[in-house]
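From first to last, the protein sequence lines stand for chains A and B.
When we follow this note's numbering, the leftmost residue of the first sequence carries the number -18, and every step to the right adds one.
When we follow this note's numbering, the leftmost residue of the second sequence carries the number 391, and every step to the right adds one.
Since the hints were derived computationally from the structure, they do not count as laboratory data.
Every value quoted in this text rests on a predicted model; they were computed, and no experiment measured them.
Note that the Cβ used here is the ideal one computed from N, Cα and C, for glycine as well.
Do not rely on the hints blindly, as some may be mistaken.
What the hints assert, rightly or not - A short, non-exhaustive set of chain A residues, derived as facing chain B with CB atoms under 10 Å:
| id | residue |
| --- | --- |
| 1 | Glu45 |
| 2 | Val47 |
| 3 | Asn79 |
| 4 | Asp166 |
If you want the building blocks of each chain, they are given just below.
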Amino acid sequence: MRRLLAVSLVLMAGLFSVWICGAQGEGLQDNIYQVGKLKPVDSRLKVEVGQSAPDFSLPSLKGEEVQLSQYRGKKNVVLSFVPAAWTPVCSDQWPGYNIARAMIEKYDAVLLGITVDNLPTLYAWTKQMGGLWFPVLSDFWPHGSIAERYGILRSEGVSERALFVIDKQGIIRYIDVHDINTRPDLDALIGALADLSKP
Amino acid sequence: MKRTMGPRVYRGGSMILLSILLAGCAGTVPQTAEPPRMEAPKAIESLDIPLPGPSSGADAAYLGLEESTDGFRMDQIKAGVLVVEVFDMYCRFCQGMAPKVDEVYELNLRSGFASEVKMIGIGRMNTALEVATFKEKYKVQFPLFPDNDLSITRALRAQDEGTPHFIVIKMAPGDQMQVVHTFTGAFEDPKVFYGVILERSGLRKE
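Okay, chain B solo, but in the shape it has when bound (with noise of 0.2 Å):
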């Protein structure tokens, strides 16, 4: 009796705890445009995605790009693996996000994979003004640019998607590159999302 007692009790606790831990998040989403979610990446066509030239000497030197340039494809940027946030000014989720994004890149520089993986951010339906602002506001170290007539988010797919969206890119010479890694809004440690990110772009084993 008191075998079976003991699971049993368990199984219910089980259960309590599933209800509980259900419970407890059901009135208290994650302040996103669309809760957190892991998702099977979707393909990207191309990364022939025609970009504005970086708003800076070193944002340009960051991609490996010349710092004149008026404007740029995506497959230039010299990278191994591309991270792109797909983000908005106006979403107060990207905001609240921003510094947590920033760490990323942080880390990243401190990683030894500084010059393989790379950074974007776009900033949907945003205006050069309206991404400057928000580079301003959160010392964003990594380069942004404005996407207001969508373009860009479209070619990336991500047009549905909440924000921020982040899309993982291993890079390769025409449509050899591939998205390894797409997901919806927040992520809580910085070190597990960058561990994510070097384990499916194949540059730390899983």
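Bound conformation, chain A alone (with noise of 0.2 Å):
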């Protein structure tokens, strides 16, 4: 009887943890591969202010292609490449922008979030951020060959830390091709926004 109890107490505790802990989820920061310092910046943009965004169309997390073009006329456009998933500063930038949705949706403008990785490795890690409300596009093949047309694709295989404001027209207005090692504030990316409406 007693070896009875004690059995399902066990039982009962091990659910109970099971539960307690799952209910607090799995940490992303606890699962971030360590890259170190980095060269800030290893690569030669291609592009330039007041030209015209290179078209391009990837895979997004949602199963569609999304095409740059398709924004063209109707909603000005940030572009957010991050270096690669499950790497410091990229694991907390784009949940800052989680919470900044309706600061980017004042100035009428879309985001969209790329990185050289893999649908599947996208998913898990964004999975982990509790989700992100913008797409979230994969340049993984033919490898980085967006990240290549803009000019910030790096040595390693992966792309800068880069933000571009594109307008309703199709062109750019705004890049800023950030220390890889170091996460760009938001002041800077919401002013470019704001700037946008400027004459």
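Since each chain comes alone in its own frame, lean on the hints to assemble the complex.
So this is what it looks like as structure tokens:
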């Protein structure tokens, strides 16, 4: 009887522990691969402010192809390239954008997140972020071809940490190829979006 | 035989219980930059820490400051106990904890210690806009301050801590002030966490 009671207690405690711990979810930060300090910028930009943004079509996590030109005449576009899934800085930059949605949409803009990772990797990574409101696109194959076209593909095969603001006419209005080791603050991006409405 | 069997089963059960508890948690750690942990409070040298002016008259009034102040020192806050949350707008875990932290604020308002215990948040490596975004998104009711250059965080000796990080300070003139509790990570129950604040600061007996 005691044995039965003990075994029952153990099983109940086990289930309870899984419930308690499971309820808290897994820790994104605990799965981050530490890349160390990298060369701040390791590419040569191939586009500039004032020119038409090169069009592209990339697969998104939702299973659809997203084409840059689909927003022409309809929405301003922010392209947020981050170097790689499961790495520092990238793993908190996008969760930050998660709570800046209203600010970005205030300027009639959409945000497109892009990395050179494949879709399964992006799925797992963004799921552990708790999900993202904006489309996440994979520039995996041909590897980094869009990053290369914009001139932000680094020699190690990942993209720079870069932001592009493209207006409704498809013209690049802002570029920030940021130090890969640091997070761009929100102010510059929001400022660039605000500038779109200035004559 | 039966007398020894019982305890042995229980001891064995205890070991299995412990193993299951640990195994259950091993793969599913809390969503914090670091697991929640109790820690020995780190002493802070001084509360002569410059802060920017509060973002609203309501925040200034809450802290007992002149509405028009452009900047002030942390030791000017009119409180017996100051609870500081060091957070980061980009930290998903800080985002997830925001409603619970605000619940602590609500509990304090209703507790009878509202004028004694005050709360502030320090946005580590956050700009004013980022802090305002966080405040707006989560309807944070207590004052938040940006700390883009880490000067406040460093003065609080919290630059190496995960976020959110909580510091409970018993306010007193000069070097008499005392850090009575620090905590990094998640708390499940705001009531329990608020109880710890009151107990550690001596407002309620343990």
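Status of each hint after checking the structure:
1. Glu45: violated, 26 Å
2. Val47: Because about 24 Å separates Val47 (chain A) from the closest Cβ in chain B, which is outside the 10 Å limit, the hint is violated.
3. Asn79: holds, 7 Å
4. Asp166: holds, 5 Å
Consistency note: the structure conflicts with the earlier hints numbered 1, 2.
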